[in-house]
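**Student:** Starting from the known structure of chain F, arrange chain S on it as the hints suggest.
There are 2 protein chains.
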Amino acid sequence: MKNCIGRELPEYIEGYGKVRPFEGAFVNSGKPASRPVSKIMKSAVPGGRKLYSSLDELMEILPLKDGMCVSFHHHLRNGDKVTNLVMQAIAARGIKDIHLSASGLFACHEPLVPLMEDGTITQISVSTFGAGPVAQAVSAGKLQKPAILRTHGGRARAIESGEQHIDIVFIAAPSCDSQGNMNGSHGKNACGCLSYNYPDAEFADCVVAVTDNLVDYPCCPAEITENFVDYVVTVDSIGDPAGIVSGAMKVTTDPNRLAIAQRAVDVLDRAGYVKEGMSFQTGAGGISLAVADRMRERMLEKGIKGSFGIGGIHGYFVKLLEEGLLKTLLDVQCFDLEAVENMAKDPRHMILSASQYANPENKGCAVNQLDVMILGGFEVDTDFNLNVITGSNGVIMSASGGNADTAAGSKISVVVSDLMKKGPRCLIKDKVITVTTPGETVDAVVTDKGIAINPRRTDLIEKLKDSGLPLVDIRDLLKLGEELGAIRENPKFGDRIVAVAEYRDGTVTDVVRQVLPE
Amino acid sequence: MKNCIGRELPEYIEGYGKVRPFEGAFVNSGKPASRPVSKIMKSAVPGGRKLYSSLDELMEILPLKDGMCVSFHHHLRNGDKVTNLVMQAIAARGIKDIHLSASGLFACHEPLVPLMEDGTITQISVSTFGAGPVAQAVSAGKLQKPAILRTHGGRARAIESGEQHIDIVFIAAPSCDSQGNMNGSHGKNACGCLSYNYPDAEFADCVVAVTDNLVDYPCCPAEITENFVDYVVTVDSIGDPAGIVSGAMKVTTDPNRLAIAQRAVDVLDRAGYVKEGMSFQTGAGGISLAVADRMRERMLEKGIKGSFGIGGIHGYFVKLLEEGLLKTLLDVQCFDLEAVENMAKDPRHMILSASQYANPENKGCAVNQLDVMILGGFEVDTDFNLNVITGSNGVIMSASGGNADTAAGSKISVVVSDLMKKGPRCLIKDKVITVTTPGETVDAVVTDKGIAINPRRTDLIEKLKDSGLPLVDIRDLLKLGEELGAIRENPKFGDRIVAVAEYRDGTVTDVVRQVLPE
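Chains F and S are the protein sequences, given in the same order. So in this note's numbering, spot 133 of the first sequence is number 150, and the numbers just go up one at a time. So in this note's numbering, spot 57 of the second sequence is number 74, and the numbers just go up one at a time.
Be a bit skeptical, because a hint or two may be false.
One copy or two, either will do: identical chains are not told apart, so a pair holds if it fits within one copy or between any two.
Stated by the list, open to error - Capping the alpha-carbon separation at 27 Å, the derived lysine-lysine pairs in BS3-like fashion look like this:
hint, residue 1, residue 2
1, Lys-509, Lys-159
2, Lys-35, Lys-439
3, Lys-362, Lys-322
4, Lys-35, Lys-56
Source of the hints: derived by calculation from the structure; they are not laboratory data.
Chain F extracted, bound-state conformation (with noise of 0.2 Å):
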């Protein structure tokens, strides 16, 4: 069968179950349903016991079975230590054909790839991939069952509806005291929030929290509480601070990719979209860094002030919120060690949970009262559709995080590309590799070579075919790309099926095939 966006889908994926199309960003939106959710309500006693110093000594108590979901969080990105730890731990044990759920997996996840070969992972489903080892297994089909790749908010989605059920989630956890209150924001490898395990800190049926920093009780702040948590163990250390927060987050310093950030900013302008009370997101890469940057000077130069920043939270925010160009901070993931910093000081800088940042299936979210989006991404085609997933050689180096859910909710998104990116290659393509989001909810393609609205915001067209700002028409910046000698790999795929393209509401918008060897 096809989906409302042409993609070919299957109607069962072994392994993965039956597969719902995707039928249009808005077709479940205001849906009530009553849902029954089984919890497991433990009853604790007094004086009972939840602290241990020893994993291997937790792991005797834990109710380990071949089949399990276990979960983790990605807020020490590329710094974790936990994951690795506790499914060595696990496999030691010989538990087999494990669904990993994690809110993301990076390059430091590497000591996954030999538990996915000798089956003690059989599947893994993720919000955030960091390019590597793991998501190259993945695409090379070292894992028995597709990955589920998931939204942020689709991922809460899941968890809550009881679609994605947890049997165990372990929460690496830089505070924590031995009841089990713990905070992401303290502690010597403070990573900002936990927000992307709350979902499974609610609804898994049991809670471990993996702690470097055992503090007295009660830890303050305490972000997840006590009355969610079935045990404490404590280890050596959950992570390494060089990995949690990159030094890496900056402003690009490319002339060319400064004009497109300033560019995306005159758009926005010109569109009616600069104006007191903004609220606006950007992602981490460096022409969204400097779209957030030129923003800034566009506010001080109009005298406007606006409302929140959104999402992963930067060091370009946190300046905005000290500054009072932004009232409040909403935060679901720090991204740099000046967000960390801010949010254990300032109560202006708020944590959402990931539900309430962006799970399409609650009373409302906040993507919903978002303005501006500026969106990265691989690849966008002629209907806007845009792929966060696969590379141009089909491997999956990324997954939608925020993407799609913001790109729903805002009130405008934008993506900010070069047009011609290494190779060279095309920005835009008549098909793109995957889609992640899907094109009507993406508003316009900012490039150095021309800005592409989406026909159907009739309303932008209107408000821009006079500003000067070179607007075009997507193809033609497809045509263009072709004229500048853009080549296009053609990646081999298998039929085996490696991966699910989750929308936020759990249709799939796409599925990921399998890389062959060249």
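**Tutor:** Frame of chain F, contents of chain S only:
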């Protein structure tokens, strides 16, 4: 049938249901149970409307129906205007047979009495009950069905387990934005926190924020968040500040009562509880507050620092925090203005959810970590069973609140009271009118005429036997009362059960019968 503390109970109560008899404070502890909880999952549409400026207009679209359960919180205490306003608006629409589930009701809710009489409200469940017209009306049998008197933890348990389904919660919000992010700590009717409505916000089918202080999105701090909220309605005033926080929260000046407080501290000190890292909770009565004050002096004398104060927070605890004698405050309700002001500015003053505070059926509640609890109460029997519900005339004057929860969780619980009260009546009875807190969890009764230690606590008796403190058998206190001329009213009760006193696990410790006119 009789429960384990000898109270005669029917097996079934019309309008309440099957009675589960109380079988012991910890009989149901430690039992995991998987329970399906049905929740309405609503998928918000971006741009959808939540905000209404007229309660009447909102009423038109709410799913009102006969027999529904609606709920409220009591953090505005005797200054609450929302419960009356909403119930009258519902009554005006002819809705009948309503179960009113409030975390508390006070004298200011007298306008509800006519709604009880005309069948609009046929049942009430509360965990805090102020003496006055509503409590009197319950005792007089004006409700068609028995009231349910729960503990704070028991109310959270009942809602979270699905035992008490809430159709619509109306949350009085001192600050709220258009999407329903709200807090209790800011605004002209600031009341501190909104903890007792967290379970309602999470599990009610429909969640309405009622505010007189609409703030820009996003409300900061956001104590209850938009993902839980269906509607926001603005009204002229949610409360009367004079009634919200009482200026009457003062340490007793009666020398006899001050001596009781001093004696309680002596008992706790000799028993080894006044030590580095100690935690404690006191009620809001004059002697209880004096214990907090005397404890401060003892801590200074001994050069020790405590850990946390918990529960209803008052200025005496704030002083301990500010002086560094407590590290943190764990707050479920602010008792006075000092507490409200401190919460708004000091991150060490943390908010607990009702469940995190005292729900016995989660993975660990904070009262389980509490060292010392200072209890109030109307009567204690010779088995140390405590009555905090009915006055000596048999009329309901209060409800358990956190009494039974903290008595069960704390390492030591101490009742502080004059032996002889107005009348004169004696604190100690051979049989209390209503058992709220089982004697199994009450460790000592400290009076001006002697200190009775629960014989179950042989460790305490051993520690105190050579202390010079006036230890007496509780039966001797009863006799002494008689010698001092204690009268005992013998209120005439009818057969009809007007209220059911539930223990925190949902079993029944006692029933309250209708008081017949003299």
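**Student:** All hints are to be evaluated individually against the structure, with a verdict given for each.
**Tutor:** Outcome of the hint check:
no.: 1; hint: Lys-509 x Lys-159; result: within (17 Å within a copy, 78 Å between copies)
no.: 2; hint: Lys-35 x Lys-439; result: neither (38 Å within a copy, 73 Å between copies)
no.: 3; hint: Lys-362 x Lys-322; result: both (22 Å within a copy, 24 Å between copies)
no.: 4; hint: Lys-35 x Lys-56; result: both (24 Å within a copy, 24 Å between copies)
Checked against the numbered hints listed earlier, the structure breaks hint 2 alone; every other hint is satisfied.
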